[in-house]
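Asker: Given the coordinates of chain A, assemble chains B and C onto it according to the supplied hints.
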Amino acid sequence: MSTIETTYREAMRAAIRDALIRDDRVFLMGEDVGRYGGCFAVSLGLLEEFGSDRVRDTPLSESAFVGAGIGAALGGMRPIVEIMTVNFSMLALDQVVNNAATLLHMSGGQLNVPIVIRMTTGAGRQLAAQHSHSLEGWYAHIPGIRIVVPATLEDARGMLWTALADPDPVLIFEPGALYPMKGQLDESVREVDIDRAAIRRPGRDATVITYGATLGTSLAAADALAGEGIDVEVIDLRTLRPLDDATLLDSVTRTHRAVVVDEGWRTGSISAEISARITEQAFYDLDAPVERVCSAEVPMPYPKHLEDAALPQQVDVVAAVRRSIGDGG
Amino acid sequence: MVAEIFEFTMPSLGADMDEGKLVEWLVKPGDQVSKGDIVAVVETAKAIMEVECFRPGVVQQIVVEPGTTVPVGAPLARFAALGAPTSPGAAGSEAPAQPEPVAAAAGVSPHGPGPVAHPISATGPLIRRMAAELSVDLATVHGSGRGGAITRADVRRAASESTASRTAARQPHPGARISPYARQLAEQLGVDVSSVHGSGRGGAIRTDDVRAAARAQSEPARSKSGEQPAAAELTAAEPDAAARRAEAARQTTARLMARSKREIPHYYLRTTVDLTEALAWIRERNRELPVNERILPAALFLRATAIAAAHVSRLNGFWQNDQFVPGQAINLGVPVSLRGGGLITPAIMDAGQLRLADLAVRLRDLATRAKAGRLRGSEMTGATITVTNLGDLGVESVYGVIYPPQVALVGVGRIVERPWAVDGLLGVRPVTTVTLSADHRATDGATGARFLDVIGRSLSQPEKL
Amino acid sequence: MSAKHRLELLRQMLRIRRFEERCAELYSAAKIRGFLHLYVGEEAVATGVIGALRPDEPIVSTYREHGHALARGVPMDAVMAEMYGRTNGCSRGRGGSMHLFDADRHFYGGNAIVGGGIPLAVGLGLADAMRGSHRVTTCFFGDGAFAEGEFHESVNLATLWQLPVLFACENNHYAMGTALARTHGQTDLALRAASYGLPAWPVDGMDVLAVEDAAHRAVEIIRAGGGPVFLELRTYRFRAHSMYDPDRYRDKAEIEEWKQRDPIDALVARMRTDGELGDGDLEAIEREVADELARAEEAAEAGPWEPVTDLTRFVYSERS
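Protein chains in written order, with the numbering used here: chain A, 274 to 602; chain B, 982 to 1446; chain C, 16 to 335.
If we strip away everything but chain A, and leave its shape as in the complex, we get (with noise of 0.2 angstroms):
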């Protein structure tokens, strides 16, 4: 197998030029998606390759151009629609949910929507209270739409395919800190399989149950671990919804000990679902409480200090399998 040295941004660039070239049925639009090169220059260059036609800048109109997109593949197209972050898709919620989500239920099967919008999520970036949220877990509540998050570079280059290949609407969520994230990725790799969980550290001790940005986080925090005898499994749940609960409650029950990590507000969150789904279906083999590590309650500050404050940290992983252990309760 031979790899290349890439980025998370370059390879998600690179899945969405891949996905243009197979299909023709398949254009990206949204805001600054062309001549700007993407906010996140996530498609610098697809414009130049693949002409406005496919590539096409949309005005600053999250719902009509998401429904649009809906509209689109309602006719025959294979849309690639980017809102610029979680937060402003809020614009084109109605979109999303009662559209996207409905349309194949309401018209008893006719007509699905093949879709994918894809959408920056996450802090860390000193980015303030309206860039920076992790909303997702709200969308992964609708049934009819599917939800997955990116965390390797392999999932960033392989996961788009395998959503336009979905005949149902699919949400990709890029955790905006990980644009950056360098690292070594398998030249061949062009579609990856967005049913499974997939466990990126096996261990026997604890599970840390996460997704997307905090991945990194929790691996660190179970690295640390590793050096005082804590074995932790890390689960990287990649879909949010459905959510793959044979691969959470295996472990679980392997382990008996719980903890979710989650960039997002505790409160009504998908923490709080994997946490219920664990004690509804592991309840005996649990040995401690389900620990969770989420954002703060509150909107995402401006400062460096109070923005880390508000995240998850490695040390509040570590605190929280220490305590789902035994130490330090």
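Think of the hints as simulated: they come from the structure by calculation, not from any bench. It is possible that part of the hints are untrue.
Label pairs and their calculated CB-CB ranges [what the hints assert, rightly or not]: (1) B:T1049 with A:R469: 50 to 58 angstroms; (2) A:E322 with C:R334: 31 to 39 angstroms; (3) A:A582 with B:R1345: 53 to 61 angstroms; (4) A:A438 with C:R310: 57 to 65 angstroms; (5) A:P515 with B:A1402: 57 to 65 angstroms; (6) C:R263 with B:A1120: 37 to 45 angstroms.
All values reported here derive from a predicted model rather than from experimental measurement. Glycine is no exception: its CB is placed at the ideal position from the N, C-alpha and C atoms.
Answerer: Quick look at chains B and C alone, frame taken from chain A:
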């Protein structure tokens, strides 16, 4: 007339049991009990068991409180006898078993009072017994039979519905703060959590605490032999615990088997049986049966053994005090492997009276209850002959060791396809070997041969099963 | 325009009228549940606009869409069965009155979020434009939707990209119970739409011939590559907003005034004047429509219910 008072005592639930802990009373003074009712839950070194009352009566006085360990034979409670004291079947108000659906007696009578006024008291003994066996409170069961009568199906449904809550209720010390997994582990390791110090938040008991308690229990033995547990062993998790538990069961089996081989002069006979007819026949039968009532070949061998035991009664019974004591009924012992290791051999009681289909159901029921630790005392000690079937594990023949004081054990191997000559023509047929291990003090080879012959003939004429 | 064609327009409007009247009755008899929004009074709009379209041209509609579905050719029995919630309904009974869909007839709902369907029409137009198709996608919406951001975003996007979309604004002068003048600073909707840079003009929505004429002109512009067109079809609903609406917000006199302009009466009068309606023609149409309606009702009554075991179907596509 002054009622006779009889004592309800700590039963012996196994040859190796000399004391037991009363875990729970299921009756209270004033309660009327019928023969066969489950009245208490007792914990032995091996399992938590339900114990039944063998005589009808009214509870007069509870002698032993829950949590108390007493020797076998010690009085647990005093009962006032009802009806004829000893003769079974003549028990007071009990009506004979009724066919399903069991209608409430009052309900079906045109002259009776309100049809569902007292459905429980009017429920037949079959239902009451079944409810007791399955730990179903009849007062909570909705009767779907005529006049609101509770049917066997109702009881089964209620039993399956309450399995989960019963499992939870059976956990020791519900008030203790203990993690769910620690609670489960404590049961597996036989740790009494009431004596365990909890190190978790708010004093909650966690698995580490349970493991420490389990180690403390085994410590004296270790230090006697001069061994010090290695650090790795101390943190080792469940595989080690399961091994310890299996080890305990091993010791019990070891004692019993050593006694068997020391005392019983075994002789062994073996025959090979053509199962073509039998397998075709159950295949045909199973077409009409619901999935959970389908007949497995294992039931076939049980039935054939029961028939043989009826024909050759010298192999059904016990060798006691240097003489053969015939079994009062044919109670087939069936070894059941427990989760986490260990083997017990409860009996299908009165198997001689059971049709094949019922035998299949009882076998399934027995295995389920054995694994859940819900066996009854009589089932633990009552076997008159044992059938061990290792076919599932792939062996072709079993030369078993007899469970003392029984005098015979039938071993069944795997069903294999073999070249087989019938009427001078060679064909491929499904066959298995059936072996007999018998106590030479009780019988000779000729008796054993007759026994195997009956089994062979029964299996070749399945319609007579 | 031939007499035969006018007779066809009359027949179409009568189908819609009688269907809607019967629905009101069936609602009262509890055969139809949920929200029921009737199109009585507005028949000329659906009939005239859809009459100008080819059968393969997409239509995106609102929750007051029975008339559009019938005019597009969705069979009346499938529409009625949908009202009943039966599996022989055009949406398998999953949608009901507000969500009529028929993929084969390019009928894209049945969208009950005011303004929410408009971006879909733009997207359908985008798909056609990208593939070089000359179909016109028609989007029906009301004066209420004109106040929604989604309308303004969509009409801007369609104009920017010169997409083949006909914006058919059914201005019935009330956003549910609130009059146009109470919700818009400038009530000349065509004037405002024109500011986006697309052809836009008002049309008498009570005159089916005027509507059809305007629709033909609009469709010609769009097919010729002239980009989207906006029509403001001024009309009026004779019945309340929905079945559970006491209609306190409208003046009886105003309703009576509009009823004088009943599009069906108007067409009948004109055809009689022009000698295009023979003796018994109207009665014959009424009989045909009554028969069709009776058959539709029978089909709906006889339609099977979706088994509850299929409850969670159609949330995601069924993979083969």
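Asker: Hints first: check each against the structure and report whether it holds.
Answerer: Do the hints match the structure? See the list:
1. Distance hint check: the CB atoms of T1049 (chain B) and R469 (chain A) are about 53 angstroms apart, consistent with the given range 50 to 58 angstroms.
2. Range check, E322 (chain A) to R334 (chain C): Cβ separation about 33 angstroms, and the 31 to 39 angstroms hint holds.
3. As the Cβ distance of A582 (chain A) to R1345 (chain B) is approximately 60 angstroms, the hint placing it in 53 to 61 angstroms holds.
4. Between A438 (chain A) and R310 (chain C) the beta carbons are some 43 angstroms apart, a value that contradicts the proposed interval 57 to 65 angstroms.
5. Checked against the hint of 57 to 65 angstroms, the C-beta distance between P515 (chain A) and A1402 (chain B) comes to roughly 59 angstroms, which is consistent with it.
6. Separated by about 58 angstroms at the C-beta atoms, R263 (chain C) and A1120 (chain B) break the suggested range of 37 to 45 angstroms.
Violation of the numbered hints given earlier is confined to hints 4, 6; the remaining hints are satisfied by the structure.
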